[in-house]
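J.: Going line by line, the protein sequences match chains A and B. Residues 59 to 536 (this note's numbering) are what the first sequence spells out, left to right. Residues 3 to 173 (this note's numbering) are what the second sequence spells out, left to right.
In case anyone wonders, no lab produced these hints; they're calculated from the structure. Please note: incorrect hints may appear among the correct ones.
Unchecked claim - Coverage of chain B stretches by chain A, computed from C-beta distances (three or more under 8 angstroms per stretch; other residues unrestricted):
#	segment
1	80-92
2	98-104
3	139-146
4	150-162
Claimed, not checked - Chain B is nowhere near these chain A residues, computed Cβ spacing over 12 angstroms in every case:
#	residue
5	Val-166
6	Val-328
7	Arg-365
8	Ala-403
9	Ala-424
10	Ile-506
Computed from a prediction, not measured in an experiment: that's the story for all the values here. Don't be surprised by glycine CBs; every beta carbon is placed ideally from N, CA and C.
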Amino acid sequence: MQILKSIWRWFDDITGVPSWLILLAKHPVPHARKSAWFYVLGSATLFVFILQIVTGIALASGYVPSAGEAYHSLAFINSTRFGSIVRGIHAFGASAMVILIGIHAIRVYLFGAYKYPRQMGWLTGVALLFLTLGMAFTGQLLRWDQTGFWTVVIAAYQAGRTPLIGNWLGHFILAGDTAGGATLSRFFALHVFFIPAFIFFFVGFHLYLVVRNGISEPPKAGRPVEPKTYRKWYQDLLHRDGVPFWPDAAWRDMVFGFLVIAVIVVLAVVVGPPALGKPPDPSIIEASPRPDWYFLWYYALLTLIPRWSESYVIILGPLLLVVVLILLPLVVYKGERSPFKRPWAFGVVAFIVFMIAYFGLVGHVAPWSPRMNAPPLPASVVGVKSGPIADGAKVFHDKGCEYCHKISGYGGIRGPDLTYAGDRMTPEQMETRIYSGAPNMPSYNGNITQQQLSDLLAFLSSRRRRPAIPLPVSSSSQ
Amino acid sequence: MNSDLIEAAEATPCDTSRRRFLSRLTMALGSLAGVIVAIPCVGFLLGLRKVPSDWRTVGKLDDYQIGSTVKVAFLDPSPLPWAGVTSRTAAWLRRNSETEFIAFSVDCTHLGCPVRWLPQANLFMCPCHGGVYYSNGTVAAGPPPRPLPRYPVRIQGDLVQILTSPVPITT
Numbered sequence: 059m060q061i062l063k064s065i066w067r068w069f070d071d072i073t074g075v076p077s078w079l080i081l082l083a084k085h086p087v088p089h090a091r092k093s094a095w096f097y098v099l100g101s102a103t104l105f106v107f108i109l110q111i112v113t114g115i116a117l118a119s120g121y122v123p124s125a126g127e128a129y130h131s132l133a134f135i136n137s138t139r140f141g142s143i144v145r146g147i148h149a150f151g152a153s154a155m156v157i158l159i160g161i162h163a164i165r166v167y168l169f170g171a172y173k174y175p176r177q178m179g180w181l182t183g184v185a186l187l188f189l190t191l192g193m194a195f196t197g198q199l200l201r202w203d204q205t206g207f208w209t210v211v212i213a214a215y216q217a218g219r220t221p222l223i224g225n226w227l228g229h230f231i232l233a234g235d236t237a238g239g240a241t242l243s244r245f246f247a248l249h250v251f252f253i254p255a256f257i258f259f260f261v262g263f264h265l266y267l268v269v270r271n272g273i274s275e276p277p278k279a280g281r282p283v284e285p286k287t288y289r290k291w292y293q294d295l296l297h298r299d300g301v302p303f304w305p306d307a308a309w310r311d312m313v314f315g316f317l318v319i320a321v322i323v324v325l326a327v328v329v330g331p332p333a334l335g336k337p338p339d340p341s342i343i344e345a346s347p348r349p350d351w352y353f354l355w356y357y358a359l360l361t362l363i364p365r366w367s368e369s370y371v372i373i374l375g376p377l378l379l380v381v382v383l384i385l386l387p388l389v390v391y392k393g394e395r396s397p398f399k400r401p402w403a404f405g406v407v408a409f410i411v412f413m414i415a416y417f418g419l420v421g422h423v424a425p426w427s428p429r430m431n432a433p434p435l436p437a438s439v440v441g442v443k444s445g446p447i448a449d450g451a452k453v454f455h456d457k458g459c460e461y462c463h464k465i466s467g468y469g470g471i472r473g474p475d476l477t478y479a480g481d482r483m484t485p486e487q488m489e490t491r492i493y494s495g496a497p498n499m500p501s502y503n504g505n506i507t508q509q510q511l512s513d514l515l516a517f518l519s520s521r522r523r524r525p526a527i528p529l530p531v532s533s534s535s536q
Numbered sequence: 003m004n005s006d007l008i009e010a011a012e013a014t015p016c017d018t019s020r021r022r023f024l025s026r027l028t029m030a031l032g033s034l035a036g037v038i039v040a041i042p043c044v045g046f047l048l049g050l051r052k053v054p055s056d057w058r059t060v061g062k063l064d065d066y067q068i069g070s071t072v073k074v075a076f077l078d079p080s081p082l083p084w085a086g087v088t089s090r091t092a093a094w095l096r097r098n099s100e101t102e103f104i105a106f107s108v109d110c111t112h113l114g115c116p117v118r119w120l121p122q123a124n125l126f127m128c129p130c131h132g133g134v135y136y137s138n139g140t141v142a143a144g145p146p147p148r149p150l151p152r153y154p155v156r157i158q159g160d161l162v163q164i165l166t167s168p169v170p171i172t173t
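If we strip away everything but chain A, and leave its shape as in the complex, we get (with noise of 0.2 angstroms):
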């Protein structure tokens, strides 16, 4: 034991490492109370991170960055025992750590602790806060499947419509004029190397803002900011109230921290990881690639916008919300921090966080999408097996109409359900309609037989809610 102190002392003497430690755990930190488990969200995030650079390296030495070889390394990953529950754990804690992240972001904008003197911690969270998206981006397309490989090209897409370099920038992102060889190596380096190396800096830059300027008090309603006294205001309440990080903070967020490592870990082993779709071979054509969920809201958002402005949100939107996440603390540095004196707050967030679960469900829904697996509609449904209703049947399916008309739980959703077609509208309706289209329909003019037609209407107007007693003028109203 003696040894042991006296290596410890020696250790001490030449690199000074134990004094700073013990000093950085005893710092004093604001009684918290009962908001104490708000503070518990930014050491979450980080011990996920650990969770993910350690699962990260694990898949790392057995994932072949190689546009060829990388989906059949991930497949055999898979295939072992340990290996599917690391790729689990990863893909969880990548979900946890957007959750985290954000959660965190939130905490800390409704406790207005972004204000002086620490909107650089507020700064370089933002930084963070991309970087995490960046790597939950990378992350899934290093997954080099069918949905992985699509992604870099939509990504491309999308960068295109940046104006004068977007061709440039979109062949940038694939890495030369097509998707292939070259593609993965690039996004494996960003994701390995370039965004950890950069979330590193900033996790301790941001860990050293969080010590020099002090973990902020829990707000209160009429105490506001005032930056020429704050900093003294500040130590002395730490003089009169504080209590040492270790331990009376650090076992919430250890609590927390394992419950968070722990649920992860559980889900891991019992739903497993996101499973592998089809190779990421181009001429497979069926496909439909869909973002994870973190960013499907953002997908559906950039599907429902107006046409025209598509190009202007596509690039102006994320840079709109950098702009305003950057000037939030440089602008509102002092004043009130309570939520409750700052309503508007409870406001903003509330609509970022209806946004992202509204916009993500219609993501998941993807109404706008055809639906290109219909089956042809059962005879059960169409109501004859044969005669011109029948036939007008297998048109309705084989033109491709039921991708996106439902017809009795039956189609797509892209355009209206026309379980009651015949109901709301008259042969001629629908005959005009059929041959001129709409923005969303193609028109059928010259792409249709005569005889399909007379078919196709006679299925249409059979299509009706079927009231005991015909009533004799039924669709001619509208």
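Take the given structure of chain A and dock chain B to it, following the hints.
T.: Leaving out everything else, chain B in the frame of chain A:
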């Protein structure tokens, strides 16, 4: 913590100008080292592989019926040895007459998703956002801003060939 205890000796005017020179020299050399390393690294990253176009045989003339549109797969313009299946690419090939072929890019002009040909409906449809194109590649419905791009096709003897092209990113 201890740094404030370490103090250099009082500087003479001669020291001051010498130190100004030395600090400028140090910063200049450091920057120069950075630049000469950065140029090749950034150059490598930004240097896009421009590859020459190449005619690829996709099939025999007799394989294609007049009026039909079929998928053809071929090697992309830069089939790197380690690219595996990603070096493959595809096009929709339509035979209009004895001598006239059209090759359409499979990438939707909206966001690049692969469009599918519906032979009975005589339409191309994109699974991502419901972009629809007529059989001649013009936009029939949905968000695509432009018709499907075309690749050059030629007939060499009894072979049909397509000229490889970069991914036609919509700008």
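J.: With 12 angstroms as the threshold, tell me whether Val-328/A passes as away from chain B on beta-carbon distances.
T.: It holds; Val-328/A is separated from chain B by about 31 angstroms at its closest Cβ, greater than 12 angstroms.
J.: Taking 12 angstroms as the cut and beta carbons as the points, is Val-166/A off the interface with chain B?
T.: Label holds. Min Cβ-Cβ 30 angstroms, cutoff 12 angstroms.
J.: Check whether three or more residues of the segment 98-104 of chain B sit with their beta carbon closer than 8 angstroms to a beta carbon of chain A.
T.: violated (count 0)
J.: Could you check that no beta carbon of chain B comes within 12 angstroms of the beta carbon of Ala-403/A?
T.: Ala-403/A is indeed farther than 12 angstroms from all Cβ atoms of chain B, at 35 angstroms.
J.: Measuring Cβ to Cβ, find out whether Ala-424/A lies farther than 12 angstroms from everything in chain B.
T.: violated (9 angstroms)
J.: Is it correct that the beta-carbon of Ile-506/A has no partner in chain B closer than or equal to 12 angstroms?
T.: violated (9 angstroms)
J.: Please check whether the beta-carbon of Arg-365/A is more than 12 angstroms away from every beta-carbon in chain B.
T.: Its Cβ does come within 12 angstroms of chain B, the nearest being 6 angstroms, so this is violated.
J.: Are there three or more residues in the segment 139-146 of chain B whose C-beta lies within less than 8 angstroms of some C-beta in chain A?
T.: That given contact holds, which follows from 4 residues of the segment 139-146 of chain B lying within Cβ reach (below 8 angstroms) of chain A.
J.: For the segment 150-162 of chain B, do at least 3 residues have a Cβ located nearer than 8 angstroms to some Cβ of chain A?
T.: Coverage by chain A is violated here, the residue count being 0 at a Cβ distance below 8 angstroms.
J.: Given as covered by chain A, does the segment 80-92 of chain B meet the bar of three residues or more with CB within less than 8 angstroms?
T.: holds (count 13)
Going through the hint list in order, the structure does not satisfy hints 2, 4, 7, 9 and 10.
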